[in-house]
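Undergrad: Here is how the chains run, residue by residue.
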Amino acid sequence: MFSRFPELAAVLLAVAGVAGCEREQRRFSEPAGDSLTITTPLSDIKAGGPAQVAAGQSQAATGESPYDENAFAISEGQRLYEWFNCSGCHAHGGGAMGPALMDDQWLYGGAPDQIYSTIVQGRPNGMPSFGARIPRQQVWQLVAYVRSLSGQLRKDVEPGRPDAMQMRPAPSQTLEPRNPGSTR
Amino acid sequence: MSARSTIDVSRLPTYAFGHRSLMWWATMGMIAIEGTVFAIAIVAYFYLRGLSDAWPPSSAAPDLLYGTLNTVILLVSGIPNHLAARAAEREDLRSVRLWMVSCLALGVAFQAVRALEYLTLNTHWTQNAYGSIVFALLTLHTVHMITDFIDTAVLTVLMFTGPLSGRRYVDVNENADYWWFVVAAWIPIYFTIYLVPRFFP
Amino acid sequence: MSQIEQTWADAPGLKGWLSTMDHKRVGVRFVVTTLVFFALAGLLAAVMRLQLARADNHLVGPDLYNQLFSVHGTAMMFLFAVPVMEAVALYLIPLMVGTRAVAFPRLNAYGYWLFLFGGVMLFVVFALNIGPEAGWFNYVPLSGPEFSAGKRSDFWAQLITFTEVSALIGAIVIITTAFKMRAPGMTLARMPLFVWAMVVTAFMIVFAMPSVMLASTFLITDRLISTQFYNPAEGGDVLLWQHLFWFFGHPEVYIIFVPALGMISEILPTFARRRVVGYAAMVIALVAIAFLSFGLWVHHMFTTGLPPLGMSFFTAASIMIALPTGLQIFCWIATLATGKRVQFATPLLFVIGFFFIFIIGGLTGVMLGATTLDSQLHDSYFVVAHLHYVLIGGAVFPLFGGFYYWFPKLTGRMLSERAGRWNFWLFFIGFNVAFFPMHILGLQGMPRRVYTYSAASGWENLNLLSTVGAVTIAVSMLVFLVNVVVSMRRRERAPDNPWNASGLEWATSCPPPAYNFMAIPVVNSRTPLWEKEFPVAEVTGLPEILRTTLVTRLHDAEPDHVAILPSPSIWPFLAALATTVMFIGSVFTPWAMVWGAVPVAITLIGWFWPDKEETARMLSIEVKPPEGEARVEALREVLS
Amino acid sequence: MNHEVLAPAGPLSSQIAQLFWIFVGVAAVVYLVVIGFLVAALRRRNEANARTAVRAVSVAVGITSVILLGLGLSDFFAQRVIAATPKDPLRVRVTAHQWWWEIEYSDGQPSRRVRTANELRIPTQRPVELELTADDVIHSFWVPSLQGKKDLLPGYTTRLDLVASRPGVYEGQCAEFCGFQHAHMSIDVIALDPEEYSRWYDAQLASAPEPSDPVALHGREVFMGSTCVMCHNIQGTDASGSVGPDLTHVAGRRRLAAGTLPNTLVNLAGWIRDPQAVKPGTRMPATQLSGEDLAALTTYLSELR
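Protein chains in written order, with my numbering: chain A, 1 to 184; chain B, 1 to 201; chain C, 1 to 640; chain D, 1 to 305.
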């Protein structure tokens with residue numbers, strides 16, 4: 001049993017390594033994307049309609065959200081969520097004037113590029129267009145944070161509780177069963 | 001070796017009770033360490049209490065029922081524990097078995113009551129620092145209660161199944177000391193969690 | 001093989017290696033592991049010095065630099081300084097007090113394995129870019145859930161758990177061995193000063209470690225299950241962390257320093273060829289240091305705006321602790337002055353190096369103890385200089401002196417004197433060139449833990465000089481390594497007592513047999529080997545079919561009863577593995593504490609459960625206390 | 001150098017420097033005496049007798065305790081002088097953020113409260129009381145030329161008094177490790193003559209000047225239309241972000257990015273285009289501005305005196 005120990009350890013280490021490496025990357029600057037001439041297209045999306053990307057070219061440069069497994073980017077997303085006053089309308093995920101972000105109902109789609117488009121283009125009934133206002137890297141960080149609010153991300157990348165008044169159990173609250181449907 | 005004066009220790013006892021045995025020093029070491037952990041946790045409780053203007057800040061104080069009931073059960077469990085220790089020194093296997101089993105019975109009782117205590121704390125560890133420190137104090141004691149219960153259970157099984165030698169009675173005696181520690185440690189914690197918020201807000 | 005050798009022998013092969021209970025095999029393994037961690041942490045320091053050699057250097061970015069200094073500090077304090085002293089003590093104390101093994105051999109082995117797995121975890125985690133990044137004292141809220149993303153601070157907190165449990169185990173083993181297993185006749189007043197130092201250190205560990213245990217537990221629950229201990233917005237407090245940490249932190253640095261005092265009190269009298277001056281005063285000084293060290297933790301927090309009057313109390317305590325240390329230094333100098341002509345072997349060279357360096361560190365320590373000066377000097381490079389002067393000067397120099405002094409006892413071969421001198425002078429010069437300029441940098445306003453600085457700051461030349469010093473230290477460590485490797489391959493064996501010292505450890509062969517002493521000696525003086533007639537008497541009649549040794553009374557070391565020690569077993573190794581899985585698992589999910597506890601319980605029961613055949617042998621030689629009582633009284637008349 | 005402990009520029013820091021030299025003097029003497037005895041003990045031919053040695057040790061311990069008592073008392077009295085509360089100080093509120101200093105002059109009338117960042121201008125000879133707090137992690141305000149350091153703690157308000165005896169620029173640095181850019185979180189304390197200070201103060205109260213030429217005007221439009229407006233505030237325009245430094249009079253500041261770059265046009269443009277190159281890990285994101293927009297923005301900002 002002992003002879004195979006080194007290979008077993010090596011494999012274990014590699015697996016832990018891959019998972020660990022991505023989660024702990026600190027990426028400060030992303031390659032600058034296209035220029036920011038964002039025009040807000042008129043789209044034919046209807047609230048509650050089929051969740052598909054808005055008409056016109058999708059603003060998302062990449063299909064997959066780059067920060068789904070990066071704990072640092074998600075905690076930056078948590079900070080930006082406070083800084084850019086998203087909580088003004090969405091509260092801390094429970095929803096207020098704006099729709100709730102912690103549940104799995106999405107008016108305009110819960111996939112990364114759909115959330116990206118929602119933030120960049122804005123949506124009817126009050127969601128402003130932040131395309132010109134927030135750089136692409138930060139939008140992707142917000143996308144990753146919003147998706148962690150509804151429990152779509154891995155447990156070990158979710159941010160801990162903020163050093164602020166206790167609004168809701170932190171996404172990393174691991175004792176509650178993970179049913180995003182329940183809003184508390 | 002030249003014929004020097006020698007000390008023949010061949011017929012000395014091969015085990016001893018109380019502070020003469022090495023195991024007693026290990027138990028006392030454990031008690032000193034865990035005692036310091038409890039003491040510092042209680043100091044942290046009063047430190048946090050000193051900082052906040054209302055204590056408990058936003059919730060009601062814990063209900064007294066289960067906490068007090070558990071204190072009584074713990075104190076009562078001291079009796080079989082004491083008798084088990086005396087029986088061990090007499091190496092009277094039958095009464096050692098009897099008192100250890102009764103200790104375990106009381107152990108099951110206070111773990112059940114402890115589960116109910118958790119429900120009547122009227123706070124949650126995520127709510128605020130008060131909730132966190134109250135849960136910390138209670139959980140610290142609960143962990144010690146459970147580990148001590150399992151230690152006693154394993155020792156009791158050994159006392160029934162063997163293999164037994166004289167030294168095992170020393171182990172029973174030391175285990176009783178640790179049980180006394182778990183009982184004694186609960187008193188200041190009970191006072192801190194249950195009585196301080198109620199009578200010294 | 002005689003019966004005793006058979007009883008004390010370990011099984012061959014890997015299984016025997018993993019299940020050995022011999023405090024010497026575990027001790028050597030422990031020392032080597034701590035030295036490996038010392039070398040690794042030293043390399044991290046070298047990279048830091050290269051980054052700081054030039055202004056606006058881009059060798060290392062801020063993220064990696066933060067991990068470098070955090071892992072350097074954490075590894076040096078928790079994986080080298082405290083454990084190496086315990087490792088040396090766990091090897092030497094049974095020999096010094098004249099017994100055959102440590103009090104709890106299985107617990108001792110478990111303590112080592114847990115330390116090893118904790119240390120390996122820290123460096124593997126650092127290699128995976130998950131190294132701690134908030135410094136070795138990991139202040140909240142920077143290390144809290146909001147400002148330290150990912151699992152970095154969690155692994156720091158778990159490392160604390162590993163190294164504490166290992167240190168506490170070592171402390172319990174040291175106290176019990178020193179108090180209950182001394183050779184007959186070795187009363188407390190005849191116990192070697194190194195054993196006194198280790199007992200005092202062990203008590204400090206017992207009462208200091210719980211504080212950081214609680215602090216790191218609160219931190220990990222804050223980060224993983226959202227408790228609010230350190231959240232100022234919900235009743236928590238950021239200073240609670242500093243109080244809890246430094247209540248442990250300051251005794252910790254004395255836990256590192258006091259064993260070094262013990263080592264000097266063993267080495268220096270041997271080369272002065274006389275007993276240390278003021279034995280009682282030295283023991284009282286050690287105990288005074290231990291008590292005072294618990295009363296001055298707030299001097300790490302002078303700049304947090306606490307009330308000035310309260311801080312003056314801690315200034316007084318911080319300054320007062322210089323007294324017992326001063327007394328020790330004066331007693332050593334008096335010992336040298338009143339001894340015979342001194343012969344300058346390498347161990348003594350390192351002790352003299354201690355005097356030159358540590359006293360500077362002690363004096364800058366008094367400066368840092370004064371609140372007004374501390375407001376300028378705190379968290380600047382002046383403090384970096386001070387802590388290295390007192391830690392490297394105060395602990396590492398005596399430790400290296402101890403390596404050269406006890407190396408023949410551990411390995412049976414002498415370290416070469418010529419390489420020893422090179423090692424010392426390179427270390428001494430390199431150290432001062434590296435760390436003295438840091439005093440000046442601190443006074444020029446260079447703060448601690450900066451990954452770079454601008455050219456306009458004017459700090460460049462001294463930083464470059466400091467880097468040159470650091471490289472010299474690295475070279476001297478290489479010389480030490482070469483010295484050890486070459487000496488190990490030397491043919492001729494070292495005599496039993498190469499320095500003809502006075503301690504009991506030199507009364508047995510180099511390296512000692514598994515059972516240390518064929519016949520446990522009886523002593524009647526503080527320096528047994530320097531008496532005309534040694535041993536005064538010998539203990540015979542210890543049963544040989546099981547591992548037995550003599551337990552004596554605490555105050556007068558009169559024989560009390562025979563202790564039967566546990567046989568080799570692999571369970572401690574397996575228990576350590578199970579505990580490691582539980583600790584590392586709990587970083588990822590709190591449920592790991594629940595499910596992980598099951599294998600830990602199973603392995604602990606396996607460790608405890610008596611073996612049938614061994615119990616039978618135990619019953620064959622068992623003497624119940626009442627029957628043996630008469631025999632004990634008879635013995636005591638003979639001895640007194 | 002203007003950031004040295006031993007080059008004080010105020011009564012408080014000179015008190016500390018004086019005390020430091022006393023401690024160094026005593027320490028040097030003690031060191032030489034002890035090492036002297038050590039060397040003598042190592043080199044002597046004949047053995048000193050034990051009786052005198054033991055007496056010498058007790059005398060030495062006596063002397064040590066007297067010296068330590070003296071040092072302790074000297075510190076105690078110096079502490080009382082420094083901790084004395086100044087009369088009628090200029091009150092300034094300093095809030096530390098991750099990696100910059102937010103400064104707000106507390107004036108009785110809210111309309112006369114100047115808000116600025118990374119630079120503290122004070123009149124000479126007048127005590128200044130800083131109310132220190134932190135918004136995220138623990139920082140430490142340290143300007144060695146003027147006073148010792150004091151931590152800024154979340155959840156606490158600590159106090160620190162500064163007095164500058166003569167005009168000059170005194171650089172300071174954050175002294176408590178606070179994350180990626182702890183190394184680039186410095187602050188300039190600029191002491192001015194009282195009249196010059198009040199002139200500067202009144203100028204700071206004014207809103208941002210209107211852009212003078214079309215390029216600057218276009219610069220303002222770029223500012224209002226891109227990411228800058230989310231975080232920064234410019235008095236007199238509708239940019240009112242409060243999470244970043246106040247830029248109303250940014251051109252008048254001595255250094256940019258918390259003391260990382262001297263305040264020149266080239267540095268300003270370089271900093272805006274890619275802050276991560278200058279301070280990797282800083283909270284200011286890179287902007288995707290085209291060259292022409294960037295030039296206009298830089299021109300506009302350089303007019304905000």
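These are computed hints drawn from the structure, not numbers from a lab.
Treat each hint with caution, since some may be false.
Counterexamples of contact, computed for chain B against chain C with all Cβ distances above 12 Å [as the list claims (entries may be wrong)]:
(1) S5
(2) M23
(3) T36
(4) A61
(5) L65
(6) H82
(7) L106
(8) V113
(9) L116
(10) T120
(11) I150
(12) V154
(13) L155
Distance condition first, Cα-Cα at most 20 Å in a straight line; then the derived SDA-like pairs of lysine to any residue [to be verified]:
(14) C:K612 to B:L93
(15) C:K612 to B:D171
(16) A:K155 to C:G596
(17) C:K612 to B:R167
(18) C:K340 to C:V283
(19) C:K612 to B:R90
(20) C:K612 to B:P163
(21) C:K624 to B:D171
(22) C:K624 to B:P163
(23) C:K624 to C:E531
(24) C:K624 to B:R90
(25) C:K340 to D:R44
(26) C:K624 to B:E89
Where is the CB? At the ideal position from N, CA and C, for every residue including glycine.
Undergrad: Does K624 (chain C) pair with E531 (chain C) here, judged by a C-alpha cut-off of 20 Å?
TA: Violated, because 37 Å separates the two Cα atoms, which is more than 20 Å.
Undergrad: Does the structure keep K612 (chain C) and D171 (chain B) at a Cα separation of 20 Å or less?
TA: holds (17 Å)
Undergrad: Given the hint that K340 (chain C) pairs with R44 (chain D), does the C-alpha gap stay at or below 20 Å?
TA: Status holds; Cα separation ~10 Å.
Undergrad: Checking one constraint from the list: CA of K612 (chain C) to CA of L93 (chain B), max 20 Å. Satisfied?
TA: OK: K612 (chain C) and L93 (chain B) at ~18 Å, within 20 Å.
Undergrad: Is L65 (chain B) truly not at the interface, in the sense that its beta carbon sits beyond 12 Å from all beta carbons of chain C?
TA: The claim stands: L65 (chain B) keeps its Cβ more than 12 Å from every Cβ of chain C (closest is about 26 Å).
Undergrad: Is the nearest Cβ of chain C still more than 12 Å from the Cβ of L116 (chain B)?
TA: holds (19 Å)
Undergrad: Would the least Cβ to Cβ distance between S5 (chain B) and chain C come out above 12 Å?
TA: Per Cβ check, S5 (chain B) is inside 12 Å of chain C; nearest 4 Å; violated.
Undergrad: Are the Cα positions of K624 (chain C) and P163 (chain B) separated by 20 Å at most?
TA: Roughly 17 Å separates the two Cα atoms, so the pair holds.
Undergrad: Is the straight-line distance between the alpha-carbon of K612 (chain C) and that of R167 (chain B) 20 Å or less?
TA: holds (14 Å)
Undergrad: Does the alpha-carbon distance linking K155 (chain A) and G596 (chain C) stay inside the 20 Å limit?
TA: This hinted pair holds, its Cα atoms lying about 19 Å apart.
Undergrad: Please verify that the nearest CB of chain C lies beyond 12 Å from H82 (chain B)'s CB.
TA: Nearest chain C Cβ is 20 Å from H82 (chain B), so the label holds.
Undergrad: Going by Cβ atoms, does T36 (chain B) stay more than 12 Å from chain C at every point?
TA: Given a closest Cβ separation of 4 Å, the condition is violated.
Checked against the numbered hints above, the structure violates hints 1, 2, 3, 11, 12, 13, 18, 19 and 23; every other hint is satisfied.
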